[in-house]
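S.K.: As a plain string of letters, each chain reads:
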Amino acid sequence: MIDLFASIAELVGVPLGSDVAVDSVNQLDSLLGTGSAISPAIPLVHHSGRGAFALRQGKWKLIFGRGSDRVQPLDGDGLLYDLKEDPAETRDRWQEEPRIVKDLTAALDRIRRDGRRFFP
Amino acid sequence: MKAAVKLCLPVFLVTAVWLHADRPNIVLIVADDMGYGDVGCYQPSSKIPTPHMDTIAREGIRFTDAHSADSVCTPSRYGLLTGRYCWRTSLKRAVLFNYEPPLIEPDRLTLASMLSRAGYRTGIFGKWHLGLTFSVKAGRSVDFDRPLPWPGGPLPDRAIMRSL
Chain A
1 MIDLFASIAE
11 LVGVPLGSDV
21 AVDSVNQLDS
31 LLGTGSAISP
41 AIPLVHHSGR
51 GAFALRQGKW
61 KLIFGRGSDR
71 VQPLDGDGLL
81 YDLKEDPAET
91 RDRWQEEPRI
101 VKDLTAALDR
111 IRRDGRRFFP
Chain B
1001 MKAAVKLCLP
1011 VFLVTAVWLH
1021 ADRPNIVLIV
1031 ADDMGYGDVG
1041 CYQPSSKIPT
1051 PHMDTIAREG
1061 IRFTDAHSAD
1071 SVCTPSRYGL
1081 LTGRYCWRTS
1091 LKRAVLFNYE
1101 PPLIEPDRLT
1111 LASMLSRAGY
1121 RTGIFGKWHL
1131 GLTFSVKAGR
1141 SVDFDRPLPW
1151 PGGPLPDRAI
1161 MRSL
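One line per chain: the protein sequences are A and B, in this order. Taking the numbering used here, the leading residue of the first sequence gets 1, the next gets one more, and so forth. Taking the numbering used here, the leading residue of the second sequence gets 1001, the next gets one more, and so forth.
Next comes chain A alone, as it looks inside the complex (with noise of 0.2 Å):
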């Protein structure tokens, strides 16, 4: 939903400056079947309506909260995924995977700073 801003603004032609919707990648190949599949590589923020982030990269789903409904913003700590081996979502691997904790929450800082579609 958020790539549709980038990805008609291909369509018609508009370029975008830098200031211009920064979490909004172009998928217009994707939307028009012409192209491979919507990279895995850039990092999907998800939004919770209780104000809790959580983010998609390639494999992994890091829930930075607690609980599958609702969830509240993190104090502590969240859930991390293996959407590939879990889709269910029913093993946490938070405590066995610092290093990809630590580098999806440099990821998500990184993209709250700068915006999605700047991310390298």
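Derived by calculation from the structure, the hints in this document are not laboratory data. From the three backbone atoms N, C-alpha and C, an ideal C-beta is built for every residue, glycine too. It cannot be assumed that every hint is accurate.
Said to hold, decoys possible - Covered stretches of chain A, going by a simulated chain B footprint (3 or more residues, C-beta under 8 Å):
{"#": "1", "segment": "6-12"}
{"#": "2", "segment": "85-91"}
{"#": "3", "segment": "95-108"}
Said to hold, decoys possible - Residues on chain A that point at chain B, a partial pick, calculated with CB under 10 Å:
{"#": "4", "residue": "Val-20"}
{"#": "5", "residue": "Ser-30"}
{"#": "6", "residue": "Leu-31"}
{"#": "7", "residue": "Gly-33"}
{"#": "8", "residue": "Ile-42"}
{"#": "9", "residue": "Val-45"}
{"#": "10", "residue": "Pro-73"}
{"#": "11", "residue": "Leu-74"}
{"#": "12", "residue": "Asp-82"}
{"#": "13", "residue": "Ile-111"}
{"#": "14", "residue": "Arg-112"}
{"#": "15", "residue": "Arg-117"}
Start from chain A and add chain B according to the hints.
M.R.: Chain B alone, transformed into the frame defined by chain A:
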């Protein structure tokens, strides 16, 4: 090329019509509280017949891992119309009440103003829920050529809430 971008996500309809035949018309249909299992193209045993949605899906592309910009209404709509996550605004959680000031900043480029620049005529029909002061005060049209949103989100006005 016609109607190249079709998105099923009803209640909120954004349209952009190009005045010549060489560019696609763009129609976005956004639904509140529609589960992905409610439409036939995602759930064949759904109890709700959705033949037109199913046709759009059959003739277009069906995504199985695509997501709204937030889990609730106002911030998702903000994200759609600006290409920015709503948590970048003053709204950090939940949704707006009716008749709060517009959440979209006055100088912010929106999907509508961007398409206007590209020569499209734009319109919005149905639910808005991004701040409605413009509907009662002159001066702001929030970019659309035909700003005809239904004045209200799912929540009653604060004054009504207080009286309950």
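S.K.: Next step is simple, just say for each hint if it's right about the structure.
M.R.: Consistency of the hints with the structure:
Coverage of the segment 6-12 of chain A by chain B holds. Counting CB-CB distances below 8 Å, 6 residues qualify, and the rule asks for three or more. Coverage of the segment 85-91 of chain A by chain B is violated. Counting CB-CB distances below 8 Å, 0 residues qualify, and the rule asks for three or more. Counting residues of the segment 95-108 of chain A whose C-beta lies closer than 8 Å to any C-beta of chain B gives 0; at least three are required, and the coverage claim is violated. Using the Cβ-Cβ criterion of 10 Å, the hint placing A:Val-20 at the interface with chain B is satisfied: the shortest such distance is roughly 5 Å.
The interface hint given for A:Ser-30 holds, since its Cβ lies 8 Å from the closest Cβ of chain B, which is under the 10 Å cut-off. Restraint check, A:Leu-31 versus chain B: the minimum CB separation of about 6 Å is within 10 Å; hint holds. The beta carbon of A:Gly-33 comes within 5 Å of a beta carbon in chain B, closer than 10 Å, and the hint placing it at the interface holds. Residue-level restraint check for A:Ile-42 is violated (minimum Cβ-Cβ distance to chain B is 13 Å; threshold 10 Å).
Evaluation of the A:Val-45 hint against chain B yields a held restraint, the C-beta minimum of about 6 Å falling below 10 Å. At about 8 Å, the closest approach between the beta carbon of A:Pro-73 and any beta carbon in chain B falls short of 10 Å, and the interface hint on this residue holds. With its C-beta approaching chain B no nearer than about 13 Å, A:Leu-74 sits outside the 10 Å limit, and its interface hint is violated. Evaluation of the A:Asp-82 hint against chain B yields a violated restraint, the C-beta minimum of about 15 Å exceeding 10 Å.
Taking 10 Å as the C-beta cut-off, the interface hint given for A:Ile-111 holds, the closest approach to chain B being about 8 Å. Interface restraint check for A:Arg-112: the shortest CB-CB distance to chain B comes to about 8 Å, inside 10 Å, so the restraint holds. Proximity of A:Arg-117 to chain B holds as hinted, the smallest CB-CB distance being about 8 Å (cut-off 10 Å).
This entry does not satisfy hints 2, 3, 8, 11, 12, going by the numbered hints stated previously.
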